[in-house]
Amino acid sequence: MKSALSSPATGERGGGRSRIPFFDQSESFRRLWPEIEGNCVRVMDDGKFSHGSMVAEFEREMERYTGARHVVGVNSGTDALVLLLRAAGLRPGDEVIVPAYTFVATATAVVHAGGVPVFADIEDHGYGVSPDAVADAVTARTRMVMPVHLFDRLADMEGVGRVARAHGLTVVEDSAEAIGMRLHGTHAGLLGAGGVLSFFPAKTLGAVGDAGALLTDDDAIAETARMLRHHGRSGHTLAAFPGISNPTVVTGGNSKMDDLQAAVLLAKLTRLDADIRRRTVLSRRYDDRLRGLPGVRAVPGDAATRSGEERVVYVHLVEVDDRDGLVAHLDAAGIGTEVYYPRPLHLQPCFAHLGYRPGALPRAEAVCRSAVALPLYADLSEERVDRVCDEVERFLTGGSR
Amino acid sequence: MTVTTERAIPFFPPDLFDTDREALLAALYEVGTDPEQKFILGRRTARFEDALRTSLGADHVVACSSGTSALTLVLAAMDIGPGDEVIVPAFGCAPLASTVLARGATPVFADTDPVTLTMDPDHAERLVTDRTRALMPAHMFSVMADMPRLRDLATRAGVRLVEDSALAQGGTLRGRPAGLWGDAGVYSFVQVKVFGMPGEGGVALSGDAELADRLRMLRNHGQDGRHRFLHHRIGHNSRFDEVMAAFQLHRMAGLEERVARRTAICSYYSSHLADLAGRGVVAPPVGGDGRFPYVYTLLCEDRDGLRDHLAASGVDTHVYYPRVLPEQPAFAPYANRGGEWPRARDAARRNISLPLYPHLTDERVEHVVAAVRAFAHGRNR
Numbered sequence: 001m002k003s004a005l006s007s008p009a010t011g012e013r014g015g016g017r018s019r020i021p022f023f024d025q026s027e028s029f030r031r032l033w034p035e036i037e038g039n040c041v042r043v044m045d046d047g048k049f050s051h052g053s054m055v056a057e058f059e060r061e062m063e064r065y066t067g068a069r070h071v072v073g074v075n076s077g078t079d080a081l082v083l084l085l086r087a088a089g090l091r092p093g094d095e096v097i098v099p100a101y102t103f104v105a106t107a108t109a110v111v112h113a114g115g116v117p118v119f120a121d122i123e124d125h126g127y128g129v130s131p132d133a134v135a136d137a138v139t140a141r142t143r144m145v146m147p148v149h150l151f152d153r154l155a156d157m158e159g160v161g162r163v164a165r166a167h168g169l170t171v172v173e174d175s176a177e178a179i180g181m182r183l184h185g186t187h188a189g190l191l192g193a194g195g196v197l198s199f200f201p202a203k204t205l206g207a208v209g210d211a212g213a214l215l216t217d218d219d220a221i222a223e224t225a226r227m228l229r230h231h232g233r234s235g236h237t238l239a240a241f242p243g244i245s246n247p248t249v250v251t252g253g254n255s256k257m258d259d260l261q262a263a264v265l266l267a268k269l270t271r272l273d274a275d276i277r278r279r280t281v282l283s284r285r286y287d288d289r290l291r292g293l294p295g296v297r298a299v300p301g302d303a304a305t306r307s308g309e310e311r312v313v314y315v316h317l318v319e320v321d322d323r324d325g326l327v328a329h330l331d332a333a334g335i336g337t338e339v340y341y342p343r344p345l346h347l348q349p350c351f352a353h354l355g356y357r358p359g360a361l362p363r364a365e366a367v368c369r370s371a372v373a374l375p376l377y378a379d380l381s382e383e384r385v386d387r388v389c390d391e392v393e394r395f396l397t398g399g400s401r
Numbered sequence: 001m002t003v004t005t006e007r008a009i010p011f012f013p014p015d016l017f018d019t020d021r022e023a024l025l026a027a028l029y030e031v032g033t034d035p036e037q038k039f040i041l042g043r044r045t046a047r048f049e050d051a052l053r054t055s056l057g058a059d060h061v062v063a064c065s066s067g068t069s070a071l072t073l074v075l076a077a078m079d080i081g082p083g084d085e086v087i088v089p090a091f092g093c094a095p096l097a098s099t100v101l102a103r104g105a106t107p108v109f110a111d112t113d114p115v116t117l118t119m120d121p122d123h124a125e126r127l128v129t130d131r132t133r134a135l136m137p138a139h140m141f142s143v144m145a146d147m148p149r150l151r152d153l154a155t156r157a158g159v160r161l162v163e164d165s166a167l168a169q170g171g172t173l174r175g176r177p178a179g180l181w182g183d184a185g186v187y188s189f190v191q192v193k194v195f196g197m198p199g200e201g202g203v204a205l206s207g208d209a210e211l212a213d214r215l216r217m218l219r220n221h222g223q224d225g226r227h228r229f230l231h232h233r234i235g236h237n238s239r240f241d242e243v244m245a246a247f248q249l250h251r252m253a254g255l256e257e258r259v260a261r262r263t264a265i266c267s268y269y270s271s272h273l274a275d276l277a278g279r280g281v282v283a284p285p286v287g288g289d290g291r292f293p294y295v296y297t298l299l300c301e302d303r304d305g306l307r308d309h310l311a312a313s314g315v316d317t318h319v320y321y322p323r324v325l326p327e328q329p330a331f332a333p334y335a336n337r338g339g340e341w342p343r344a345r346d347a348a349r350r351n352i353s354l355p356l357y358p359h360l361t362d363e364r365v366e367h368v369v370a371a372v373r374a375f376a377h378g379r380n381r
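From first to last, the protein sequence lines stand for chains A and B. Take 1 as the starting number for the first sequence in our numbering and just add one per residue. Take 1 as the starting number for the second sequence in our numbering and just add one per residue.
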């Protein structure tokens with residue numbers, strides 16, 4: 001059955017004309033299939049397919065990996081953010097300062113948790129929220145600040161922490177992209193009240209569907225989040241069917257994680273550190289080829305690393321003068337890219353009611369015009385990285401124009 | 001005393017998908033290694049939506065992350081928010097209240113009909129105010145709500161009708177499937193449901209094209225499906241996984257047969273338990289319009305006694321709703337002041353559900369019936 005369903009034409013290496021997708025985990029998946037299948041059989045033997053024992057096992061393994069006191073498995077990084085904000089005590093109408101340059105969920109989660117997002121600009125050199133901008137955005141209604149660790153490094157947590165302490169703000173982290181990133185040995189998401197992880201398939205640790213988690217060292221936050229993910233029900237519900245009739249003590253929803261996704265993630269977790277090393281090697285290869293090319297403004301490896309910081313390159317993002325031209329050129333050459341992000345959040349239609357105007361947050365707006373992410377994943381070959389670099393170089397040096 | 005032996009008849013069976021294990025593994029492998037590497041809201045999900053649309057005669061089917069999430073998306077798509085009231089049944093599942101509260105609106109609890117255990121249209125009508133924006137009845141256990149009267153009430157009151165049909169797949173009333181009576185309806189596919197699957201997921205159904213477009217936008221971060229990272233609305237992450245779509249497409253052919261088997265078990269239960277009404281055990285009627293075979297629920301004066309008796313006889317049972325929604329700690333602060341729900345409370349006190357799934361054998365069904373009858377006739381107590 002399997003052989004009939006599996007498709008050829010992937011995993012082809014070095015073939016000059018084959019397409020280089022922006023993301024591909026099929027080779028890893030195939031290689032890990034015996035472990036994945038074994039885990040899935042255990043799920044089928046157990047018979048509870050969401051919020052079940054494999055989710056519990058994955059949580060314990062993630063606690064071990066991250067060092068978190070609590071990992072709470074949920075259905076997506078987005079829902080994890082909503083649960084984190086609510087469990088950390090956000091009240092209706094509270095303001096939460098978030099960067100303007102990030103995925104939209106950072107800010108919509110604030111809305112779903114009952115709060116109001118307030119956008120701050122990002123650092124001059126880097127993509128994290130600027131601590132000075134956070135300080136400028138504080139009002140009497142500000143209750144929390146949520147820095148985001150984007151792409152390949154942590155936000156300036158010490159700088160944000162100083163501002164938060166000065167104004168009595170709770171720090172929560174959108175660490176959805178930051179698995180493996182640490183500061184002085186502490187995993188991302190554990191540098192404030194709590195954080196999240198996304199296991200969206202393209203992430204450094206990715207499922208083959210939506211999944212996410214909340215992580216915290218705070219017992220009360222974890223307990224509240226555990227109730228919120230299962231309709232606000234108290235007591236024991238994980239891997240326990242009859243728990244669906246436990247009293248509903250908080251207004252929750254359904255943010256339960258699928259055990260089959262946990263089964264895939266547990267298998268991939270065994271390769272995570274090796275995958276991270278592989279990403280580092282490939283990212284460095286990009287940097288070495290692309291730095292200094294005409295029109296290249298920034299490559300990830302050249303930004304100064306903060307003391308005690310362990311980077312993980314989830315996304316290899318470069319800034320170039322003619323970003324849209326480069327994207328079109330690479331697409332024509334059969335190379336997938338992703339534009340993270342074409343429009344800052346304060347100028348998104350869904351936040352028009354907040355009244356921000358173009359020019360309000362200039363650094364975020366500028367990066368949205370110049371940033372593009374290149375293919376980067378553990379299954380990518382050096383030859384393919386070289387081919388991407390050849391095409392970038394050809395475009396930038398006018399070879400094909 | 002509750003003694004669970006290996007011969008006990010489970011209420012939540014662990015082997016629902018055992019005959020499709022290979023198909024599930026194949027679906028996972030196929031999606032994981034597919035050159036397209038698209039895992040969420042891809043071509044399989046689109047095919048599944050189409051297949052449901054065709055089989056139901058629905059206009060729009062929008063797959064999302066759960067039945068609960070589908071209700072949330074529907075309320076959001078209708079722009080129901082702070083200051084609005086939504087009339088919901090007092091007896092039922094937490095999402096009836098929590099999805100309304102999540103929108104910043106207020107749930108107003110209506111009492112239930114004592115026989116169908118669904119929202120009483122007369123009580124609902126008395127609760128309509130200037131702030132009412134929607135009625136949200138729910139089908140319950142195996143009986144559809146009185147949708148013709150609720151449809152009429154919604155029309156007369158000028159409010160939307162949201163049909164919580166999460167558990168009612170397979171039911172029809174006056175020829176119209178559950179889920180298609182409201183301005184929008186939902187199905188849940190969590191494993192225990194009629195069309196359950198080994199993961200979380202659901203759909204929203206609607207005949208309103210504009211509403212459906214909004215639902216599609218809202219389920220994926222407010223994007224329009226053409227311009228990536230352009231967010232028109234405050235959206236959610238409420239998407240459907242391709243592995244589950246592949247599995248559901250595989251299982252769709254057998255759905256009718258599974259529904260028929262569940263229906264046959266319900267009919268057997270009812271025809272063999274109907275005469276116990278005078279002995280404090282009330283069974284739902286055999287068949288009738290607006291029925292669906294999801295959960296088989298008795299009303300029993302000595303509910304805990306029946307539960308203990310069945311447990312001792314090797315039959316697991318479940319009490320879905322031991323308390324009414326306005327008395328749940330989370331919802332009590334929002335309950336209509338001075339509200340009373342005597343029939344809902346009575347249902348909460350008496351409801352108890354028996355095992356019901358397609359692979360429940362005749363022998364086991366007969367054993368369950370014998371055990372219930374023995375209890376009602378006062379033996380082994």
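Hints should not be assumed to be uniformly reliable.
[Stated by the list, open to error] Chain B side only, calculated, beta carbon under 10 Å to chain A, not exhaustive:
no., residue
1, R53
2, A209
3, L211
[Stated by the list, open to error] Covered by chain A, per the in silico footprint, the following chain B stretches (three or more residues, Cβ under 8 Å):
no., region
4, 30 to 36
5, 66 to 77
6, 147 to 160
7, 238 to 250
8, 266 to 275
9, 306 to 320
No lab work stands behind these hints, which were simulated from the structure alone. Glycine is no exception: its CB is placed at the ideal position from the N, C-alpha and C atoms.
(Q) Please verify the coverage claim for the region 30 to 36 of chain B: does it have three or more residues whose C-beta sits within 8 Å of some C-beta in chain A? (A) With 6 residues in contact (Cβ-Cβ under 8 Å with chain A), the coverage given for the region 30 to 36 of chain B holds.
Q. Given as covered by chain A, does the region 147 to 160 of chain B meet the bar of three residues or more with CB within less than 8 Å?
A. violated (count 0)
Q. Holds or violated: is there a CB of chain A closer than 10 Å to the CB of A209/B?
A. violated, 21 Å
Q.
Holds or violated: the hint that L211/B contacts chain A, with Cβ atoms closer than 10 Å.
A. violated, 18 Å
**Q.** Agreement of hint R53/B with chain A interface, Cβ distance less than 10 Å
**A.** With Cβ-Cβ at 22 Å, over 10 Å, it is violated.
Q.
Is the coverage entry for the region 66 to 77 of chain B by chain A consistent with the three-residue Cβ rule at 8 Å?
A. Coverage by chain A holds here, the residue count being 5 at a Cβ distance below 8 Å.
(Q) Using C-beta distances, would you say chain A covers the region 238 to 250 of chain B, given that this needs three or more residues below 8 Å? (A) As far as the region 238 to 250 of chain B goes, the hint holds, because 5 residues have Cβ atoms under 8 Å from chain A.
Q.
Taking 8 Å as the Cβ threshold, is the statement that the region 266 to 275 of chain B is covered by chain A upheld or broken by the three-residue rule?
A. The restraint on the region 266 to 275 of chain B is violated, since only 0 of its residues have a Cβ under 8 Å from chain A and three are required.
Q: Confirm or reject the coverage of the region 306 to 320 of chain B by chain A under the rule of 3 or more residues with a beta carbon closer than 8 Å to the chain's beta carbons.
A: holds (count 3)
In the structure shown, a violation is registered for the earlier hints numbered 1, 2, 3, 6 and 8, in ascending order.
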